[in-house]
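Chemist: Given next are the chains, with one letter for each unit.
Number of protein chains: 2
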Amino acid sequence: MDVTKFAIPEVIFGRGSINHAGQCALRLGAKKVFLVSDSGIEEAGWVDKLTDILKSEGIEWVYYPGVTSNPRDSEVELGAELYRKNGTDVIIAIGGGSALDTAKGIAILASNGGRIQDYEGANRVNRPLPPMVLITTTAGSGSDISQFCIITDVQRGVKMSIITRTLVPNISIVDPLILRTKSETLIIHSAVDALAHAIESYMSTISSPFTEMHSLKAIDIILESLPSAIKTRSLDALEQLSVASVSASMAFSNASLGAEHALAHSLGGYFDMPHGVVHPILLTAVMRHNARLAPEKMAHIGKVILKKSQGNNEETALAGIMKLENFFATLGVHTKLHQELSEKQKQYLEPICKVAVNDACNLTNPQPATWNELHNICMEVW
Amino acid sequence: MDVTKFAIPEVIFGRGSINHAGQCALRLGAKKVFLVSDSGIEEAGWVDKLTDILKSEGIEWVYYPGVTSNPRDSEVELGAELYRKNGTDVIIAIGGGSALDTAKGIAILASNGGRIQDYEGANRVNRPLPPMVLITTTAGSGSDISQFCIITDVQRGVKMSIITRTLVPNISIVDPLILRTKSETLIIHSAVDALAHAIESYMSTISSPFTEMHSLKAIDIILESLPSAIKTRSLDALEQLSVASVSASMAFSNASLGAEHALAHSLGGYFDMPHGVVHPILLTAVMRHNARLAPEKMAHIGKVILKKSQGNNEETALAGIMKLENFFATLGVHTKLHQELSEKQKQYLEPICKVAVNDACNLTNPQPATWNELHNICMEVW
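These protein sequence lines are chains U and F, in that order.
Be aware that the first sequence starts at 9, since it is given in the numbering used here, and climbs by one per residue.
Be aware that the second sequence starts at 9, since it is given in the numbering used here, and climbs by one per residue.
Chain U with its partners taken away, still in its complex shape (with noise of 0.2 Å):
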């Protein structure tokens, strides 16, 4: 085996793991702590009941609710130009993956400088970032565990990848208590994420025995749970989702990703979709690329999905793949890309598969792909 890396943070998992906050930020050297959030998470209450819980550690703070769906590069410049003038000295995050993204960029904008853009792609961030604590209101981003960060470049109308370990948050927080608040629609589409987390974390070029474990894990997991956490909303079903989320992105932070993350990246950054919404469309269509690619760790994947072999590598790889579509069926989720973009889109998708072909994602695809290999997958999900 080559070299292989595994960071992670230290996780704090469990029901009520949000009131560990304070004692966090305490342990961080925290005097005043930098808060990023969302409108959402603060209507839902969230972030009255985070700052209550520093209150009482005695720690003082600056909120910062700047926060959209697929962050900007404006709101990451903005949100470091408070952190400093605040004099703050640790950062915590609650939200989904937007939010968390947001206080990543801050934090390395407050301690390197510069415009977000200089750091896009990987290991291009020098100085250590200060403190973090991430505490996740979904079950799918991977933002509060992983090295990675997405931010939007609006100018160029691109997702930019920032990955690198220094992106690892000290401190992950991850209570299934706030699922509760969440609609159905957002539990689908974080489950479906980190579905394709799993998925394509298992099957990328750098994937180590470490990763692996957590990716076929959460594979089961999240088949096994999301439709009774659809159905019954039951806390146990979403707990389980949970879990499989924070399994999924301790793979890809790890391994990274493939093929569908460099399209959804480059797809949702042209047309702002969110990887939920986009990852039912493409996902399948890439693994059968990918099966042809690397037959035998797909049908690894097959047999966590059918739970048993069916035939030969190349058969249970597929069996696997046609029950994932069913999976999704039933879901009642977009599975057409036509169902998303009108005709008149179409046009768009050469350029996007060019740009995809660069995203650092693609590297680890069995085989990085080519626009031409991309640009028939959106036609045959068209």
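In short, the hints are calculated from the structure, not lab data.
Do not take every clue at face value.
[Claimed, not checked] Just some of the chain U residues that point at chain F, by a computed CB distance under 7 Å:
#, residue
1, Met9
2, Val11
3, Thr12
4, Lys13
5, Ala15
6, Val19
7, Pro217
[Stated by the list, open to error] Only pairs whose alpha carbons sit at most 30 Å apart, straight line, appear in this in silico DSBU-like list of lysine-lysine:
#, chain 1, residue 1, chain 2, residue 2
8, U, Lys305, F, Lys239
9, F, Lys93, F, Lys40
10, U, Lys305, F, Lys40
11, F, Lys13, U, Lys190
12, F, Lys362, F, Lys305
13, F, Lys239, F, Lys316
14, U, Lys311, F, Lys315
15, F, Lys315, U, Lys316
16, U, Lys311, F, Lys316
17, U, Lys63, F, Lys13
18, U, Lys305, U, Lys362
19, F, Lys315, U, Lys305
20, U, Lys40, F, Lys13
21, F, Lys331, U, Lys316
22, U, Lys316, F, Lys57
23, F, Lys93, U, Lys315
Model, not experiment: these values are computed from the prediction.
For glycine and all other residues, C-beta sits at the position ideal for the given N, C-alpha and C.
Start from chain U and add chain F according to the hints.
Modeler: Below, chain F without anything else, positioned relative to chain U:
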């Protein structure tokens, strides 16, 4: 699920990963490293290799070779004195559990002062430790991953367990190439140690989905790979044992252990017996005891050992334990206490069991064992 915590170091794993040691030290701000090892590792050439790596990065070092098997309080105290006197700033240790535990003990005293006895038990270390890079030369102790440190209090004749999250080093380097220089006996001892970590952490009352996955995977790999590692000494098999050891360590560091380790600490402290010798004697007897307390969990372990269920939970659990006994028998190791102790030493088992019930590991056994139960177990395997 109750709130659970999962903390591990950054792991750098793979053939040749020792070459990253200098870069790791630099990343942690090293100017002058305190290097801990023992004469065996030195003779095998690994200390020279490591100092060459430090030299090439322009890092100075002070070498502390004073490590013995089952490290003692006095060795830790002397090390801490030298650490402070020499103005060193990062600790690097290379060796088995003894060298790494010595390094951890030195780290505690270097920044917290006092005597090492002051920190016995859980969470008694308050101040942050110097940065640590730990390089394991065995696939078993897990000290390079864990929040545990075992130091012998010579006067009391007790192995003290010191457990605190701050003992998780910054970076663990696991290089399977180092295992090639190890004897067959050491490979078996280490693998059996990792197996006991995996089994006891799985049965622990504070196991979590994040630790359980690692425990079961480690059991599976060790049973699969140890025979061929002994027979062929192939690098692939040794590497698999390293993977299993890392997995088992991630599990036990966060889930803790059980009654078997409590007894192994006490017995080992009294008679200076290494863990690898004690486990094949005690492990299956403690498993039989615990199978009555938690049959379903023990059946999960049985299923991994047998690769199938065999009747109901109780039957699967017991069949698994029997197969494990056969496995130990094939290794040609001692499986009875009388093979290690004289008839005259039998009288010390009672006080040994009375010490063991107070070991921190006993607390997370499916039910804490009484000294009488532990004594019965010792008699059963006499």
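Chemist: Against this structure, judge whether each hint is valid.
Modeler: Hint-by-hint comparison with the structure:
1. Met9: holds (5 Å)
2. Val11: holds (4 Å)
3. Thr12: Holds, about 5 Å.
4. Lys13: holds (5 Å)
5. Ala15: Cβ of Ala15/U sits 4 Å from chain F, so the hint holds.
6. Val19: Status holds, d = 4 Å.
7. Pro217: holds (5 Å)
8. Lys305/U - Lys239/F: holds (29 Å)
9. Lys93/F - Lys40/F: holds (12 Å)
10. Lys305/U - Lys40/F: violated (45 Å)
11. Lys13/F - Lys190/U: holds (24 Å)
12. Lys362/F - Lys305/F: holds (27 Å)
13. Lys239/F - Lys316/F: holds (26 Å)
14. Lys311/U - Lys315/F: OK: Lys311/U and Lys315/F at ~16 Å, within 30 Å.
15. Lys315/F - Lys316/U: holds (14 Å)
16. Lys311/U - Lys316/F: The given pair, whose Cα atoms are some 16 Å apart, holds under the 30 Å limit.
17. Lys63/U - Lys13/F: Roughly 24 Å separates the two Cα atoms, so the pair holds.
18. Lys305/U - Lys362/U: holds (27 Å)
19. Lys315/F - Lys305/U: Holds, at roughly 21 Å.
20. Lys40/U - Lys13/F: holds (25 Å)
21. Lys331/F - Lys316/U: holds (25 Å)
22. Lys316/U - Lys57/F: violated (47 Å)
23. Lys93/F - Lys315/U: Since the Cα atoms of Lys93/F and Lys315/U sit roughly 60 Å apart, the hinted pair is violated (cutoff 30 Å).
Going down the numbered hints, you'll see the structure goes against 10, 22 and 23, while the others check out.
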